[in-house]
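Protein chains: 2
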Amino acid sequence: MEIRQEIKRRAADIEARIAPFLPQEKGFQQTVLDAMEYSVFAGGKRLRPMLMEASYQMFDGTNPAIDDFMAAIEMIHTYSLIHDDLPAMDNDEYRRGKKTTHAVYGEAMAILAGDALLNYAFETVAAALTRNEGDWRIVRAFSVLAQKAGIYGMIGGQVVDVESEKTGQTIDRNRLDFIYRLKTGALIEASLMIGAILAGADEVSVARMQEAGAKLGLAFQIQDDILDVTGSFEKLGKPIGSDAENEKATYVTFEGLEQAKKDVERLSGEAIKILDEFEGEHTFLHDLFFYLINRDH
Amino acid sequence: MEIRQEIKRRAADIEARIAPFLPQEKGFQQTVLDAMEYSVFAGGKRLRPMLMEASYQMFDGTNPAIDDFMAAIEMIHTYSLIHDDLPAMDNDEYRRGKKTTHAVYGEAMAILAGDALLNYAFETVAAALTRNEGDWRIVRAFSVLAQKAGIYGMIGGQVVDVESEKTGQTIDRNRLDFIYRLKTGALIEASLMIGAILAGADEVSVARMQEAGAKLGLAFQIQDDILDVTGSFEKLGKPIGSDAENEKATYVTFEGLEQAKKDVERLSGEAIKILDEFEGEHTFLHDLFFYLINRDH
Numbered sequence: 085m086e087i088r089q090e091i092k093r094r095a096a097d098i099e100a101r102i103a104p105f106l107p108q109e110k111g112f113q114q115t116v117l118d119a120m121e122y123s124v125f126a127g128g129k130r131l132r133p134m135l136m137e138a139s140y141q142m143f144d145g146t147n148p149a150i151d152d153f154m155a156a157i158e159m160i161h162t163y164s165l166i167h168d169d170l171p172a173m174d175n176d177e178y179r180r181g182k183k184t185t186h187a188v189y190g191e192a193m194a195i196l197a198g199d200a201l202l203n204y205a206f207e208t209v210a211a212a213l214t215r216n217e218g219d220w221r222i223v224r225a226f227s228v229l230a231q232k233a234g235i236y237g238m239i240g241g242q243v244v245d246v247e248s249e250k251t252g253q254t255i256d257r258n259r260l261d262f263i264y265r266l267k268t269g270a271l272i273e274a275s276l277m278i279g280a281i282l283a284g285a286d287e288v289s290v291a292r293m294q295e296a297g298a299k300l301g302l303a304f305q306i307q308d309d310i311l312d313v314t315g316s317f318e319k320l321g322k323p324i325g326s327d328a329e330n331e332k333a334t335y336v337t338f339e340g341l342e343q344a345k346k347d348v349e350r351l352s353g354e355a356i357k358i359l360d361e362f363e364g365e366h367t368f369l370h371d372l373f374f375y376l377i378n379r380d381h
Numbered sequence: 085m086e087i088r089q090e091i092k093r094r095a096a097d098i099e100a101r102i103a104p105f106l107p108q109e110k111g112f113q114q115t116v117l118d119a120m121e122y123s124v125f126a127g128g129k130r131l132r133p134m135l136m137e138a139s140y141q142m143f144d145g146t147n148p149a150i151d152d153f154m155a156a157i158e159m160i161h162t163y164s165l166i167h168d169d170l171p172a173m174d175n176d177e178y179r180r181g182k183k184t185t186h187a188v189y190g191e192a193m194a195i196l197a198g199d200a201l202l203n204y205a206f207e208t209v210a211a212a213l214t215r216n217e218g219d220w221r222i223v224r225a226f227s228v229l230a231q232k233a234g235i236y237g238m239i240g241g242q243v244v245d246v247e248s249e250k251t252g253q254t255i256d257r258n259r260l261d262f263i264y265r266l267k268t269g270a271l272i273e274a275s276l277m278i279g280a281i282l283a284g285a286d287e288v289s290v291a292r293m294q295e296a297g298a299k300l301g302l303a304f305q306i307q308d309d310i311l312d313v314t315g316s317f318e319k320l321g322k323p324i325g326s327d328a329e330n331e332k333a334t335y336v337t338f339e340g341l342e343q344a345k346k347d348v349e350r351l352s353g354e355a356i357k358i359l360d361e362f363e364g365e366h367t368f369l370h371d372l373f374f375y376l377i378n379r380d381h
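Residue numbers (this note's numbering), protein chains in the order written: chain A, 85 to 381; chain B, 85 to 381.
No wet-lab data here; the hints were simulated from the structure. Fair warning: there could be bad hints in the mix.
20 Å max Cα-Cα, derived EDC-like pairs, lysine to aspartate or glutamate [said to hold, decoys possible]: (1) B/Lys129 to B/Glu177; (2) A/Lys129 to A/Asp308; (3) A/Lys110 to B/Asp256; (4) B/Lys345 to B/Asp261; (5) B/Lys250 to A/Asp256; (6) A/Lys110 to B/Asp261; (7) A/Lys250 to B/Asp118; (8) B/Lys129 to B/Asp168; (9) B/Lys110 to A/Asp256; (10) B/Lys110 to A/Glu191; (11) A/Lys250 to A/Glu295; (12) B/Lys345 to B/Asp371; (13) B/Lys250 to A/Asp118; (14) A/Lys250 to B/Glu191; (15) B/Lys129 to B/Asp176.
Based on the sequences and whatever the hints tell you, model everything.
Structural data, given as structure tokens:
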């Protein structure tokens with residue numbers, strides 16, 4: 085399949101481009117630098133930087149700070165996974181078929197590596213701002229990144245998710261929607277928005293990309309639930325049925341498998357429709373959206 | 085004592101000024117908002133914002149973003165304490181005589197509240213930048229804050245500190261200096277630097293304030309070690325002798341109590357000497373530095 089090869093090619097390209105943004109200087113804090121590098125290069129899909137760049141390309145971007153933000157959002161995504169996997173949280177030993185950060189480096193170092201990556205994402209943004217003095221688009225992109233990663237974004241979703249699990253309370257549909265909108269959706273929205281912002285898109289277009297991101301993010305999250313029921317360890321790189329085992333209410337619990345599959349398709353269709361309103365070249369972004377609803381891992 | 089009253093007055097003033105910078109909007113993520121507020125208002129000395137403002141005043145600052153940065157650095161300091169107290173780290177149940185965040189809200193929520201505060205500090209900075217478009221001093225202050233909080237700053241020191249404890253390896257003098265320079269020193273340097281930067285001080289002055297901060301930070305940290313030996317639970321609000329109990333090598337272990345006391349005085353004297361090079365009014369900053377070497381809690 086053509087798109088799979090293109091995704092693979094782009095993911096490899098993104099990895100090569102974000103690698104130089106990780107801290108290079110060594111010292112006594114070597115272990116945390118290793119843990120950061122291990123975590124970032126533990127085989128992620130690079131979906132967020134990939135979406136960011138594809139959005140940027142659709143708006144004919146030429147801003148030199150795009151690489152910085154691609155690296156920054158991947159650092160933030162990675163830190164969230166490290167902390168999410170901790171014993172006090174989901175307590176996962178494996179992710180994508182590899183040992184999680186705390187399984188390799190211990191709990192304390194995993195907490196600190198997560199903190200360090202979150203902080204370093206903003207160091208990266210600060211460096212980009214410093215290099216491009218007076219570029220207002222970078223300030224706007226920084227603002228979106230910070231908000232979408234925070235308590236009214238990703239962390240907010242994570243908090244409600246964790247709390248629902250820890251208290252053992254039955255999650256209601258409103259809470260589930262809240263979690264899905266923020267936990268996965270917020271950074272996907274941020275990716276598409278920042279690509280557009282750095283390329284110089286107007287506010288209306290940025291808002292439309294946010295909407296497309298929200299729909300895609302929700303579809304992506306529902307697809308995750310579906311795969312937890314229908315997938316295999318080999319393809320997912322993590323145990324399947326873990327949601328059911330943890331008695332975790334998911335979209336599939338509320339809507340059933342078939343309806344969930346239909347909703348993924350509907351949401352993705354709506355998201356693609358938004359993309360297709362734009363005149364800029366976006367074959368890849370279109371295909372990527374489409375691919376994400378048909379993925380089996 | 086006059087200076088104590090002034091410190092108390094300023095701390096209360098700072099608390100009132102930073103309170104509005106904490107997230108106000110409520111939602112499903114209520115618990116983490118409570119945990120953030122609990123942690124920030126658990127009775128800190130407000131030393132970092134206090135130093136920042138006093139430095140700013142010495143350079144006759146009038147920049148409207150000073151409050152934002154005072155709030156941001158206190159959020160970063162607070163997050164570092166929350167994570168530092170976690171069971172996987174120092175495993176402290178009390179701080180300043182109050183239950184630590186994880187003791188009240190549980191481990192998972194404490195991790196997330198820390199993440200949220202770190203992220204929110206940068207959301208606060210982003211908002212300040214957005215409000216003051218084109219103010220280059222804010223970009224510079226952002227850059228200093230991010231670097232001093234990160235792996236080449238506070239987190240770097242914390243990493244080496246934690247690692248030395250966890251591995252049980254005997255810490256050598258180089259490592260101890262590294263930890264002290266970064267773990268406490270970095271944010272104190274940042275406070276003094278950012279106050280100067282926002283006030284429009286030149287690069288040379290900012291560098292001198294960094295130097296003063298490094299000396300003060302080291303003195304402050306050594307004083308902490310001294311108090312761990314000589315203080316009381318009542319005054320410190322935490323168990324004394326905890327370093328010895330944890331077989332933690334401190335400055336006092338290497339140098340002995342008397343030499344440590346002398347070094348605190350020498351370093352503080354050098355720091356004050358730097359301050360006194362400046363012509364700006366800095367009675368309070370001078371007295372604050374002096375006070376910090378004589379504190380008993």
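Comparing the hints with the structure gives:
no.	hint	result
1	B/Lys129 to B/Glu177	19 Å, holds
2	A/Lys129 to A/Asp308	14 Å, holds
3	A/Lys110 to B/Asp256	18 Å, holds
4	B/Lys345 to B/Asp261	16 Å, holds
5	B/Lys250 to A/Asp256	42 Å, violated
6	A/Lys110 to B/Asp261	17 Å, holds
7	A/Lys250 to B/Asp118	17 Å, holds
8	B/Lys129 to B/Asp168	17 Å, holds
9	B/Lys110 to A/Asp256	18 Å, holds
10	B/Lys110 to A/Glu191	31 Å, violated
11	A/Lys250 to A/Glu295	31 Å, violated
12	B/Lys345 to B/Asp371	18 Å, holds
13	B/Lys250 to A/Asp118	17 Å, holds
14	A/Lys250 to B/Glu191	11 Å, holds
15	B/Lys129 to B/Asp176	19 Å, holds
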